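Colleague: Listed below are the residues making up each chain.
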Amino acid sequence: MKKSGKYIISKKIDGVFTTLYDVYRFLLRFFKEVLFPPYEFKELVKQCYDIGYKSLPLITLTGFITGLVFTKQSRPSLAEFGAASWLPSLVSIAIIRALAPLVTALIAAGKVGSQIGAELGSMKVTEQIDAMEVSGTNPFKFLVVTRMIATTFMIPILAIYTGVVALAGSFINVTQNEQTSFSSFVESSLQNISFLDLFSSVIKATLFGFTIGAVGCYQGYNSSKGTEGVGKAANSAVVVSMFLIFIEEILVVQVVNAIR
Amino acid sequence: METSENKRSVIVGIFVFLGIVLFVAGIFTLAGQQKRFVKSIELNAIFDNVAGLKVGNNVWFSGVKIGTVKKIDFYGTSQVKIKMNVEQEAQKYIHKNATAQISSEGFIGNRIIVIEGGNINLPVVESGDRLHVKKALSTDAMLEDLQANNRNLIEITGNLKVISGKMANGEGAIGALLTDSLMAGNLKNTMAGLNSASQNINRTAVSLSAFSNKLNTKGGLVDELLTDTGVFSQLEGSVGNIRKLSVAAASLSEDLSTAGQKLNDKNNAIGVLLNDQESAASLKKTLTNLETSSQKLDENLEALQHNFLLRGFFRKKAKEEEKMK
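Residue numbers (my numbering), protein chains in the order written: chain E, 1 to 260; chain Y, 1 to 325.
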């Protein structure tokens, strides 16, 4: 948003704070719109389907490979001092505490965030959003709220799938090398996992989902400059959401460790 | 369009439902593993040092997980009070004088509390009871002992170094043995001699063994002596008789000695005969006279046989003797 007159600090710094203010207003509007009817359930289900269900194959493959490869790569270090039996415990801690929500969020940021940014950006530059307003439909509620809610709810569910599939990949590798039974694997996997780990992981995924939705919608909804702006919106949606995901990861880990 | 939307809704519903089911299943599995749904009792223990024990660490009894550490608080000036949840199922195995000890799941594993059951004659613990604490073997103590061993090892190797140096220089008996070829030759000969002696000893031992086997042969004298009580009593009787006989022999010998002494005296007939030379000469003369007399008597009797008065009697007697044959 352009400001007339003199800049308070400098053009760039003022621009950063202006963007933050715009984000604040965007989020405030979201919370206002989400609480009050009318609710766009059909669009919400459609978004959940697109964001959640359609991402499942990609997430499943990524999660499986993550679990398998992480186990395979961790084995030599543990086997070196005869602690290969700790692999399930180590891998499950890594997957449940960090990898499942993080990998899911990063994949979703790439797939869903860019999709949302490009979709809303193209609608913006082609003035479809303005047309919706003219036709009496609240474009923010229909386009933004549904997508943000969908990402907020679907990413944690995808993270749960990722966790399960990654542990399955880990189990396959462990059972191939150590002939560990499934029950023994589950037993040792959950040995060092607490409820705090489970809930913090789900909460973290929820936060990541909200971030992906918010960043994608914000970038798309506020895109400009024609088709170039659409590409920029899609790109920014991915880059900014990934950056914020890592920042949030650090913050959440600090908070969880303080509680632990 | 409507059908497509319905289908999409169902798919999303199933997708969300399965996600939630997996999450709930994870929670229940975790809760089951952590015995969250199992009835438990609370036990306490006060340790001087918990060595990094954390809330949620396991409590073991006979190698089986029976609970978890619930709370860790400081107690008194520097002690630590541990509250632990223990399965009610395991309560019957833990008695009043049971002990709790800080241990480890492995060499580098998590800290755990190990409970030892105590005396079975005592009643079982109840919720809120405080367990006795058994001091764990700390790594620091082990390292201290190891350090002492290291110092000893250094001293021993130092001594060995000195000894081996002396040996290499030919000092002392072993050094001389190693360096002096003559001494080594002597030692070799000695060893050969010892070897031969040991072979002889072996042979002797074999012979002794054979001999002892013979002694132990059933029915042998030694075997009878050692095993048959009848033979022993007979032998004992014989020894008694020999003892009596020796007493009698001693008495006889004494009598003989007395008699000998008397024979040496001249106050009796035999003593006079044996010791008095005059009497002996007189007796000798008497005997000579007797011999002469008997010869003369013999001649006289011969003459009588040829006398006419007695000749008939002798002829008659000779005929009767002839008939008797």
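These are calculated hints, taken from the structure and not from any lab test. The structure displayed is predicted, hence computed values, not measured ones. Glycine included, every Cβ here is placed at the ideal spot set by N, Cα and C. Warning: the hint list may mix true and false statements.
Below, a list of computed lysine-lysine pairs in the BS3-like style, where the Cα atoms sit at most 27 Å apart [to be verified]:
| # | chain 1 | residue 1 | chain 2 | residue 2 |
| --- | --- | --- | --- | --- |
| 1 | E | 111 | Y | 96 |
| 2 | E | 46 | Y | 266 |
| 3 | Y | 296 | E | 54 |
| 4 | Y | 71 | Y | 96 |
| 5 | Y | 135 | Y | 70 |
| 6 | Y | 266 | Y | 284 |
| 7 | Y | 7 | Y | 81 |
| 8 | Y | 188 | Y | 214 |
| 9 | Y | 7 | Y | 65 |
| 10 | Y | 7 | E | 141 |
| 11 | Y | 285 | Y | 296 |
| 12 | Y | 161 | Y | 71 |
| 13 | E | 42 | Y | 7 |
Anything over 12 Å on all C-beta distances counts as not near chain E; from chain Y, calculated [claimed, not checked]:
| # | residue |
| --- | --- |
| 14 | 5 |
| 15 | 9 |
| 16 | 29 |
| 17 | 46 |
| 18 | 75 |
| 19 | 105 |
| 20 | 106 |
| 21 | 159 |
| 22 | 161 |
| 23 | 178 |
| 24 | 186 |
| 25 | 191 |
| 26 | 194 |
| 27 | 223 |
| 28 | 264 |
| 29 | 296 |
What the simulated footprint calls covered on chain E by chain Y, stretch by stretch (three residues with Cβ under 8 Å from a Cβ of chain Y suffice, anywhere in the stretch; the number is not a length) [to be verified]:
| # | stretch |
| --- | --- |
| 30 | 41 to 50 |
| 31 | 158 to 168 |
| 32 | 186 to 194 |
Colleague: Take the hints in turn and mark each one as holding or not.
Modeller: Hints versus structure:
1. E/111 - Y/96: Between residue 111 of chain E and residue 96 of chain Y the Cα gap is close to 63 Å, so the pair fails against 27 Å, i.e. violated.
2. E/46 - Y/266: 167 Å, violated
3. Y/296 - E/54: 178 Å, violated
4. Y/71 - Y/96: Distance ~21 Å between residue 71 of chain Y and residue 96 of chain Y Cα, so the pair holds.
5. Y/135 - Y/70: 21 Å, holds
6. Y/266 - Y/284: The hint holds at about 18 Å.
7. Y/7 - Y/81: This hinted pair is violated, its Cα atoms lying about 59 Å apart.
8. Y/188 - Y/214: Roughly 39 Å between the alpha carbons, so the hint for residue 188 of chain Y and residue 214 of chain Y is violated.
9. Y/7 - Y/65: It is violated: about 48 Å lies between the C-alpha atoms, which goes past 27 Å.
10. Y/7 - E/141: 24 Å, holds
11. Y/285 - Y/296: 17 Å, holds
12. Y/161 - Y/71: 56 Å, violated
13. E/42 - Y/7: 12 Å, holds
14. 5: Non-interface label on residue 5 of chain Y violated, nearest chain E Cβ at 6 Å vs cutoff 12 Å.
15. 9: 5 Å, violated
16. 29: 6 Å, violated
17. 46: Holds, since 25 Å exceeds 12 Å.
18. 75: Per Cβ check, residue 75 of chain Y is outside 12 Å of chain E; nearest 23 Å; holds.
19. 105: 9 Å, violated
20. 106: 8 Å, violated
21. 159: 36 Å, holds
22. 161: 35 Å, holds
23. 178: 45 Å, holds
24. 186: 56 Å, holds
25. 191: Residue 191 of chain Y is indeed farther than 12 Å from all Cβ atoms of chain E, at 50 Å.
26. 194: 51 Å, holds
27. 223: 66 Å, holds
28. 264: 110 Å, holds
29. 296: Holds, because the least Cβ-Cβ distance between residue 296 of chain Y and chain E comes to about 139 Å, which exceeds 12 Å.
30. 41 to 50: Since three or more residues must qualify, the claim that chain Y covers the stretch 41 to 50 of chain E holds, with 5 doing so at under 8 Å.
31. 158 to 168: The restraint on the stretch 158 to 168 of chain E holds, since 5 of its residues have a Cβ under 8 Å from chain Y and three suffice.
32. 186 to 194: With 7 residues in contact (Cβ-Cβ under 8 Å with chain Y), the coverage given for the stretch 186 to 194 of chain E holds.
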